[in-house]
Amino acid sequence: MKRLNPVKAYQRISHDYLTYLRSLFHSKNEILNEKLRHLLKPENFTKGPFLEQVFPFAKSSSLKELVEKNVLSPEFLTLLKSGAFKGGNFRLYKHQEQAIRKIVLEKQNIVVSTGTGSGKTECFLVPILDYLTQEKEQGKLGPGVRALLIYPMNALVNDQLRKLRNELRNYPFITFGRYTGDTIKDKEDARTNYLDQFKNEPLENELLSRQEIHQTPPHILITNYCMLEFLLLRPQATPLFDGEYARSWQFIVLDEVHVYDGAKGSEIGLLLRRLKDRVFQNKKPLCIATSATMGDESKNKEVALFAQNIFGEDFRSDNVIRAIYQADNITKDNLWILNFDPSELLEDLENETDFHSVLTKYRPDFTFTGNNVRGALYYFFHDNYEICKIKKLLANKVGSFKEIANQIFNGDEEKTAALIELAFKAKKEQEELLPVRYHFFVKCAEGLFATLSEKGELQEIFLDKKKEMINAGKKYKVFELSSCNNCGEIFITGFVGRNRILSIDTYDEDDILNLNRQERVYLQLSDSSEVLDEDEIWEKKSNETLRYPACLNIYTGKVKEFEENLLQKEDYIKVYKIEAHKGENNWKGIKKCPSCGATARNKPLAYRFVTGEEVPQAVLLKSLYKHLPENNRKVLTFSDSRQDAAYFAPFFKNFYEDALNRAAIYDVLKKESRLNLEELVGILVDRRKKGSKTEVKKLYKLAILKEFLRIGKDDDLEGVGLVRFLLKEDIEKELLKRLLFLREQPYDLTEGEVKELLYSLLLTVRASYAVEVDFRIEDIIEFLSDTSYFKLETDGNKLCKGWLPVRKTNKRLEYLCKIFSGFDKNVLKKILKRIWEQLIRSDIFIVHQGQAKLDWKLWDIEIADNVFICNKCGNVYHHNVRGKCLTINCNGKLEGFNKNIPSKFSYYIENYESFPFCLMKIFEHTAQLDRKEGQDLQKSFERGETNILSCSTTFELRVDIGSLQTVFLHNVPPRPDNYIQRAGRAGRALDSIAFILTYARRRSHDLKYFGDVASLIKGEIKPPAVNVSNIRIVKRHLNAIALSHFFKKHKDLFGRLGEFRKKGGFKEFKEFMENKPKVVKNSILNALADMEELKEILGVEDWKWLRDEEKEGCLDLWERVEIEAENDFKDYERLKKEAAKKEEFPRAELYKR
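Counting from 107, one number per residue, gives the positions in the sequence shown under this note's numbering.
Some hints could be false.
Claimed, not checked - Dumping the calculated BS3-like pairs for lysine-lysine here, alpha-carbon to alpha-carbon at most 27 Å:
| # | residue 1 | residue 2 |
| --- | --- | --- |
| 1 | K571 | K407 |
| 2 | K931 | K114 |
| 3 | K843 | K931 |
| 4 | K897 | K924 |
| 5 | K897 | K697 |
| 6 | K697 | K1027 |
As the list claims (entries may be wrong) - Quick list of the computed label-pair ranges, beta carbon to beta carbon:
| # | residue 1 | residue 2 | range |
| --- | --- | --- | --- |
| 7 | C1024 | R1162 | 51 to 59 Å |
| 8 | C1024 | W442 | 37 to 45 Å |
| 9 | G223 | W442 | 25 to 33 Å |
| 10 | T473 | L301 | 27 to 35 Å |
| 11 | D1036 | D880 | 51 to 59 Å |
| 12 | D570 | N977 | 39 to 47 Å |
Hints are computed from structural coordinates only; laboratory data are not their basis.
If you're wondering where the values come from, they're calculated on a predicted model, not measured in any experiment.
For glycine and all other residues, C-beta sits at the position ideal for the given N, C-alpha and C.
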């Protein structure tokens, strides 16, 4: 596959997701199952695709032309000739030229808000470099900062560093440097680190170390706002802000300024005011803010006010720079109409090398003399009627792809997508004919809901949450449904508070004050009596009660203790309240099904029709991944939470590899028919090209073991009807001989039925994990805490399974009861015992100290040909004795199973049968990675060695990662601007259309935007606001100003707290401030110059801010810190002595430090 086909991709994503949803819920109630099948339609769970037209930016002059027009200095031309900005020959966008002129000629403070990929960096970098080239021309370009570039995160700092290296590579006169937590102190150490990382010599004009930056500050200093705070405090950084090298400051640039809202905005605003006090006392800085998204032109006044509050400088609304888009240049006259299938043209262009002959085949009158296929396509389609119509349909930026297909090709989506792809590829110089992106949205399953009739039967069934529903003039309470994952028994579930109302949500509006008293409850509608399966008992409890009769009001949801007389009223029905599992999470769910006796182990037992987080996201991502072109399988995924991003990477790896291993097993069996398990391992190892044979063998043995033990149950190969396990033929023959008594009277089973019974009984052993394995427990611990073993009767150990039940029944006895329905249960127990005696004498069990475990080496595996499904509980079985279902307490009948008919197993069947055998590497990329690890991953991703990066917001803000076609969002981002930023990562530097897939999770925020995706794509956002006059934050910065001046005077006291204490630092600072130094007061007055009212409230003039009634003044806090520090040192001294006394000298030394 050479390209992503958006139609096939979205259709397959939708199909896979809906098929997966079908696997989540199954019940005994066939009417409910049929209704759910009817509700599982794309329109209920997906939105789109939508096409977003990415309007091209209008072009203007080149940088060379700006030099000729005397906008930029003559020396700037020398910089261009050195190779900067590609020689300055390309045309700038109009908004770029507008920004450059505002700064260079008018000396205006500006905000650049022009969208992703609009060249915002050039808007401030060109004026800064022009200023520096002018200084060089005038002989004034000595050491010292001229421009400070502040970024919200280190990844962006490093990105800017790469750009400066590129632009200044051959122009050594302008120096630059990065000062972040990654900047190494010593010059030689920094150089060595650079050589190790980049394998080439650093530029002479890049200052790599803190030592160099302190000694001869660079002309351009790049940092983040946290480090700026640190620099303003450090006495070692004095040369940056004071003295002969600190007199030339000119520019302050805040990139991605929209992130500085709320308290963070207050912090950065006060930080910049402190900076201006240090270096801009006698002049005004030129302030530049950039942001991809801050409203539209109608919000310019708000944007200007926001910037003014951040910088403390004047910003005019007409100095908010907006993107200027290119006028539609499609010819409106003499348009030609398509008379061919664009899908065929696209295919021919992909397969033929001579594009001229291909194009003239479809338009014989077309001529093009150039060698660029994109240019040829531009002239081929620029006067096409259908393209013109598509552009009109996208005039408001966003349009429905399906509506466009209806308008252009009567709903033919393949033709429409092909035409859009061709127009997207069409490009004349830097002018694109149809720049667009696809957006597709999928939402969670919120639950399955119903009203109940007066007879307690399901009435109305639907997917959307609501409190009540009116039917025939009556108001019915709405309840949520859940079902037993083993047998399909139906329950209604919800939360009950002190008012005893059953509600869908965690609280009812009338009971909001009693949230902490609420409990999740499960109510059984049927009177299915409990059958205790002793195989499922992991912990025994005496007098265990599973359910209690109760009364439920179908109109109000009131739950009452059972009273017979309540049932005489039409509003109450009888239900059974089920005891909930009260483990780590009191709301986890049912511990044991009252219908079939199955117990919750490592998965919930009663499933609601709701999607979790990781699995549906993994389903969507895998579906998207397999549609990517083989030469560019790369996806960037975004999560709001760093923890979610970190967790998803290994989760998806396991999810993908489990499916890959199952698909590989199935693929081998399709070719090899029946294989012994060890033979299968050998073939799989031989087919695997990469990895050590030892590790690969272990991997496949574990994969097969999981299948043999039915670890998956819901999604393993046997459970979905694709393969079955059989004993070796000679072992099977010998066992059937031992069981010949079952063919005699009164049992009268046929030879085939004996065989089917044998495998059905052995399935219960396998599913109990009673198998002898040659693995260490550490190898299997991730899916199995320990293997169990069998005895005739249990010995009380929780790992011991009794072949015979001790108290009531188990699967094996219950199964015999179904097969021999007229037999006394005690007789059947004797039959079961006799079968055990024959089995234990055979070779199939390995017995050690009376503990029997199956020998898995004696088993074969083959493609299943005769598969059955229970018409009631829906479980799949490979062995059938008289149509009886093996599921305990299920009276359903086994019928032939056709895997091609849609069922709850369809997702997994399709997954394993058509799995794309392509490599996949996924890693997390979050802020918790160290710098080198993060950079290595970025490079690996750029090269295509890593396919998927699971990111938090790290990559939201312009970090360069090369070409990328697809982005997957694990959730709807907090704001439309976040969505625009993340979606904007796709489609960069590619000739294929970007495809953005978003999953709306089960949160009100996500579901709100799922209902209005157009506003999300358009980016309709409110500009951020900030209040710098936050008293608590201002007080903190006053204290920082005081400390900064103190350390400037007492440089020897800055450093470790222990040294500071020994040298009397606490006392020195107190005395320093009690003398009310004028220099501190002046700095505060400068920093709060635009906050007159606040200065009065805080008492700056009369020094009241040093101490106040709340004991929150500067010296009040200082004295508290001193006491806490003294107490800490006393504790460390005590711990040091205790460690030394115990001769734990390394620990004592640690406390000493």
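Hints and how they fare:
Our distance criterion of 27 Å between C-alpha atoms is broken by K571 and K407, whose separation comes to about 41 Å. Restraint check for K931 and K114: the C-alpha separation of about 57 Å exceeds 27 Å, so the hint is violated. For the suggested pair K843 and K931, the alpha carbons sit about 25 Å apart, so the restraint of at most 27 Å is met. Distance hint between K897 and K924 is fulfilled; the C-alpha atoms sit about 23 Å from each other, no more than 27 Å.
Of the supplied pair hints, the one linking K897 and K697 holds, its CA atoms being roughly 25 Å apart against a limit of 27 Å. Proximity of K697 to K1027 is assessed by CA-CA distance (about 38 Å); at most 27 Å being required, the pair is judged violated. A beta carbon spacing of about 54 Å between C1024 and R1162 agrees with the range 51 to 59 Å that was offered as a hint. Between C1024 and W442 the CB atoms are about 41 Å apart, so this pair conforms to the stated range of 37 to 45 Å.
Taking 25 to 33 Å as the suggested C-beta distance range, the pair G223 and W442 conforms, at roughly 32 Å. In this structure the supplied range 27 to 35 Å is violated for T473 paired with L301, their Cβ-Cβ distance being about 55 Å. A C-beta distance of roughly 39 Å is found between D1036 and D880, which places it outside the suggested range of 51 to 59 Å. Under the hint 39 to 47 Å, the C-beta atoms of D570 and N977, about 30 Å apart, miss the expected range.
The earlier numbered hints that this structure contradicts are 1, 2, 6, 10, 11, 12.
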